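S.K.: Chains A, B and C, in that order, are what the protein sequence lines are.
First residue of the first sequence: 16, per this note's numbering; consecutive thereafter.
First residue of the second sequence: 16, per this note's numbering; consecutive thereafter.
First residue of the third sequence: 16, per this note's numbering; consecutive thereafter.
Mixed in with the good hints there might be a few duds.
Since the list can't tell identical chains apart, any single copy or any two copies may satisfy a pair.
[Said to hold, decoys possible] Cut-off 30 Å, straight-line C-alpha distance, at most; resulting in silico cross-link-like pairs (DSS-like, lysine-lysine):
#1 17 x 199
#2 50 x 29
#3 189 x 48
#4 319 x 29
Read the hints as simulated data drawn from the structure, not as lab findings.
Remember, it's a predicted structure, so these values are computed and weren't measured experimentally.
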Amino acid sequence: MKNFTSIEDISDLKTMISKALSIKANPLAEPHKGKGKTIGLVFLNSSLRTRLSSQIAAQNLGLNVLILNASQEAWNLEFADGAVMNGGTVEHIKDAVEVLNQYCDIIAVRCFAGMQSKEDDVNESILSQFLKYAKVPVISLESATRHPLQSFADCITITENWTFDKSTMNRKPKVVLTWAPHIKPIAHAVANSFTEWMQKMEVDLVITNPEGYDLDPKFMKNTKVLHDQNEALKDADFVYVKNWSSFENYAQMPEIKENWMLTQEKLKLTNQARVMHCLPVRRNVELSDEVMDSENSIIYQQAKNRIFSAQTVFSEILDGLNSGK
Amino acid sequence: MKNFTSIEDISDLKTMISKALSIKANPLAEPHKGKGKTIGLVFLNSSLRTRLSSQIAAQNLGLNVLILNASQEAWNLEFADGAVMNGGTVEHIKDAVEVLNQYCDIIAVRCFAGMQSKEDDVNESILSQFLKYAKVPVISLESATRHPLQSFADCITITENWTFDKSTMNRKPKVVLTWAPHIKPIAHAVANSFTEWMQKMEVDLVITNPEGYDLDPKFMKNTKVLHDQNEALKDADFVYVKNWSSFENYAQMPEIKENWMLTQEKLKLTNQARVMHCLPVRRNVELSDEVMDSENSIIYQQAKNRIFSAQTVFSEILDGLNSGK
Amino acid sequence: MKNFTSIEDISDLKTMISKALSIKANPLAEPHKGKGKTIGLVFLNSSLRTRLSSQIAAQNLGLNVLILNASQEAWNLEFADGAVMNGGTVEHIKDAVEVLNQYCDIIAVRCFAGMQSKEDDVNESILSQFLKYAKVPVISLESATRHPLQSFADCITITENWTFDKSTMNRKPKVVLTWAPHIKPIAHAVANSFTEWMQKMEVDLVITNPEGYDLDPKFMKNTKVLHDQNEALKDADFVYVKNWSSFENYAQMPEIKENWMLTQEKLKLTNQARVMHCLPVRRNVELSDEVMDSENSIIYQQAKNRIFSAQTVFSEILDGLNSGK
Chain A
16 MKNFTSIEDI SDLKTMISKA LSIKANPLAE PHKGKGKTIG LVFLNSSLRT RLSSQIAAQN
76 LGLNVLILNA SQEAWNLEFA DGAVMNGGTV EHIKDAVEVL NQYCDIIAVR CFAGMQSKED
136 DVNESILSQF LKYAKVPVIS LESATRHPLQ SFADCITITE NWTFDKSTMN RKPKVVLTWA
196 PHIKPIAHAV ANSFTEWMQK MEVDLVITNP EGYDLDPKFM KNTKVLHDQN EALKDADFVY
256 VKNWSSFENY AQMPEIKENW MLTQEKLKLT NQARVMHCLP VRRNVELSDE VMDSENSIIY
316 QQAKNRIFSA QTVFSEILDG LNSGK
Chain B
16 MKNFTSIEDI SDLKTMISKA LSIKANPLAE PHKGKGKTIG LVFLNSSLRT RLSSQIAAQN
76 LGLNVLILNA SQEAWNLEFA DGAVMNGGTV EHIKDAVEVL NQYCDIIAVR CFAGMQSKED
136 DVNESILSQF LKYAKVPVIS LESATRHPLQ SFADCITITE NWTFDKSTMN RKPKVVLTWA
196 PHIKPIAHAV ANSFTEWMQK MEVDLVITNP EGYDLDPKFM KNTKVLHDQN EALKDADFVY
256 VKNWSSFENY AQMPEIKENW MLTQEKLKLT NQARVMHCLP VRRNVELSDE VMDSENSIIY
316 QQAKNRIFSA QTVFSEILDG LNSGK
Chain C
16 MKNFTSIEDI SDLKTMISKA LSIKANPLAE PHKGKGKTIG LVFLNSSLRT RLSSQIAAQN
76 LGLNVLILNA SQEAWNLEFA DGAVMNGGTV EHIKDAVEVL NQYCDIIAVR CFAGMQSKED
136 DVNESILSQF LKYAKVPVIS LESATRHPLQ SFADCITITE NWTFDKSTMN RKPKVVLTWA
196 PHIKPIAHAV ANSFTEWMQK MEVDLVITNP EGYDLDPKFM KNTKVLHDQN EALKDADFVY
256 VKNWSSFENY AQMPEIKENW MLTQEKLKLT NQARVMHCLP VRRNVELSDE VMDSENSIIY
316 QQAKNRIFSA QTVFSEILDG LNSGK
């Protein structure tokens with residue numbers, strides 16, 4: 016594996032999930048695999064799970080870890096090609112990445128959507144520059160349009176919670192990605208990415224969101240979209256709760272009248288569905304305390320699996336480095 | 016030891032001090048004790064000594080260390096149960112702690128008093144939620160009402176500086192906790208905690224503070240309180256300098272007329288007392304440069320002992336984890 | 016080596032460069048040299064290269080690393096001797112350093128010029144206090160008037176890029192330090208320090224800057240200064256680009272009419288000079304994109320050599336500690 020910024024970087028999802036489950040069973044099995052190598056974790060945005068799970072994954076493999084909270088600890092970055100840098104930005108992304116090339120064997124970066132320019136976000140204006148200038152592998156810790164380490168952890172979690180056997184009549188699970196309310200415009204990365212990865216899983220995926228909130232067709236592809244949440248939730252085996260702002264009317268929040276918060280009442284429509292969320296979650300806005308704290312929630316298990324999605328990816332990247340690929 | 020948030024978590028103070036002194040004599044004696052285990056140091060507030068001494072203590076034991084400056088690096092936390100999170104808080108403490116449970120073998124947290132609501136502070140509104148939701152041991156790095164790692168270091172320091180022998184006529188040392196001036200309302204944690212720990216030491220404890228500044232009776236118990244500083248300082252062997260705001264008139268600073276700053280002049284009243292302070296100290300406000308820089312000061316020794324109070328506690332917690340207790 | 020804050024702390028530059036090149040050839044040759052020892056990296060200012068390269072250097076030697084972003088993570092420091100601390104500063108530098116003495120075997124500190132008081136900056140009002148109160152070795156990670164780890168890396172880089180042989184007719188290279196435009200007053204540390212180190216190298220050093228921008232005579236000594244950039248650039252083998260504000264009219268920016276930005280056009284005056292800059296650089300203000308991205312640039316090589324200048328210095332300091340010197 017050279018880079019890891021989307022599911023396209025994985026050759027076989029089933030094999031990757033199976034590797035992740037082995038690592039979860041014995042996370043300290045390869046404590047020297049990363050010895051003498053350095054991973055730089057660059058944060059342009061806040062992070063709790065990603066920050067901690069990446070560090071644990073790296074430590075489990077014996078990698079040295081450098082953490083850079085770019086804007087607080089270093090310099091404001093310029094992203095425009097050819098910019099005359101006579102304003103507030105102090106260092107060009109090109110130079111920052113070239114320096115990281117000198118210092119790190121792997122660069123991992125978190126760079127959220129700016130939510131100001133649809134074009135910039137859709138084109139991954141920041142991640143694309145890391146990829147352009149990096150001479151070492153680049154791992155996305157969430158970018159403008161995708162959150163692949165989260166989605167990989169989601170796949171691991173669904174795999175752990177579904178068995179193809181008589182009890183499930185060997186059918187595929189129904190997975191519903193449901194839009195949830197929020198108080199401010201939120202990026203599409205988690206929803207896009209979850210959609211993309213579920214399309215490669217043996218699941219029946221349904222997306223449900225209010226009109227005006229359809230995701231980017233590039234990610235939806237031919238996934239079924241329902242604007243009636245109750246209809247979508249019917250017989251669901253997994254419900255993934257997530258807010259996102261409008262894509263069409265970019266970063267806006269067209270008003271909706273129904274209440275889309277996931278409640279116990281709504282869960283009754285499902286097949287005792289497992290409830291998922293990437294965290295952080297706004298309780299009693301996106302979903303109710305009751306749902307969050309119910310036995311249906313596998314949300315903390317998802318969070319834990321962030322360690323193993325990261326460790327699997329780091330391990331594959333190290334294999335690539337060691338074999339010179 | 017399961018948790019460490021107050022002296023109540025220690026079975027025998029003498030034994031703990033003696034363990035700490037052994038560790039101080041040979042801090043690298045157990046470099047693999049924490050191998051494969053992770054401690055998360057969560058800072059909701061600023062920290063210098065606690066931040067550095069905890070890291071050193073953890074490294075000495077071979078623990079992996081994760082540091083989280085929660086508000087700068089992660090998300091604003093919500094502490095209210097049942098909150099509808101439609102405001103400025105992004106992640107509920109319940110979820111943050113549940114995630115830390117997944118990632119850490121030990122959680123250590125610094126959470127100062129908010130100094131807004133007496134009820135919140137007295138009830139440890141933040142620490143109590145860490146304790147409520149944590150499934151791994153919790154260590155306080157200072158909470159609203161206590162700073163136990165500081166107080167434990169203070170006990171170690173007093174032990175090092177006092178010998179029961181002919182020269183002291185085998186009497187107990189007189190320890191005076193004296194209120195000091197400050198420019199803004201300061202929490203009670205260090206003063207409460209010092210009082211609580213001294214009550215278990217073989218010392219004669221006297222507290223002195225202006226009227227209106229008596230500590231919470233829950234911590235004072237039957238400790239002698241004098242409102243005349245000079246009277247209190249008389250023949251003191253140890254003087255602990257610390258400011259705190261009013262408890263009765265919570266977080267207020269009732270005006271006082273005398274000057275309570277500890278000076279060389281006042282030190283002359285004592286039995287060549289050793290001077291203590293938890294740091295940071297406001298020089299020439301709480302105590303004079305002369306006192307701070309005199310040979311009477313054992314303040315930096317106290318700071319050094321923060322390593323060993325932390326390492327002893329981490330070590331005991333690891334013993335508990337390893338024995339399954 | 017006891018401290019490292021200027022070239023005065025080095026006994027022989029040639030030997031040091033040769034050590035650095037050996038370390039660069041095999042950076043992991045002494046992985047246990049720093050075992051059981053702790054270096055504290057204290058940042059009073061932003062840092063990318065220094066922050067990361069110092070960590071890598073320390074890790075390569077097996078040193079424990081403590082990082083303190085002083086103002087964000089700890090307390091606002093007071094630097095005035097005898098201050099009555101009844102204002103915004105919470106901890107005196109004297110006490111902070113004394114505590115670092117207790118916790119660290121080596122203290123490294125970044126403390127930029129304040130650019131408010133010429134006297135304070137010229138007298139190194141911050142670094143001097145670290146040196147005054149430290150009882151362990153102190154390493155400058157850039158101070159008000161010098162950036163010695165950068166200059167040492169610059170010497171390594173020039174050495175790597177120049178060979179005394181027939182092709183160079185065994186002559187010394189011509190090195191030009193050229194002033195560059197900027198949008199705000201910038202400190203003199205890099206320029207001073209580069210001047211000071213080049214004076215000890217086998218090079219012909221010329222400084223060029225607009226009138227009103229001459230460096231402190233203490234650093235210039237008898238180095239040739241030209242106010243005509245074109246004349247200075249003629250036949251240069253190395254061009255070091257850097258802005259600085261006026262020293263005479265301290266921290267001011269007297270207006271200049273010519274354009275001093277280094278362009279390809281100007282590079283043609285040189286002997287196909289290698290271009291150097293300490294980074295971060297303001298592209299198309301200090302130098303053009305064309306120059307920055309040309310094959311003449313050895314700027315990223317300079318950045319990489321920051322690891323080896325730091326590792327050489329840490330290694331020498333450890334030798335001093337181990338031999339008790």
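S.K.: All hints, please: hold or fail.
M.R.: Cross-check of the supplied hints:
Taking the closest pair of Cα atoms, residue 17 and residue 199 never come within 30 Å of each other, the shortest separation being 36 Å inside a single copy and 41 Å across copies. Taking identical chains as interchangeable, the C-alpha atoms of residue 50 and residue 29 lie at most 30 Å apart only when both belong to the same chain, with a minimum of 28 Å there against 32 Å between chains. In this assembly of identical chains, the alpha carbons of residue 189 and residue 48 never lie at most 30 Å apart, being 38 Å within a copy and 46 Å across copies at closest. Only within a single protomer do residue 319 and residue 29 lie at most 30 Å apart by alpha-carbon distance; the minimum there is 19 Å, versus 40 Å between protomers.
The earlier numbered hints that this structure contradicts are 1, 3.
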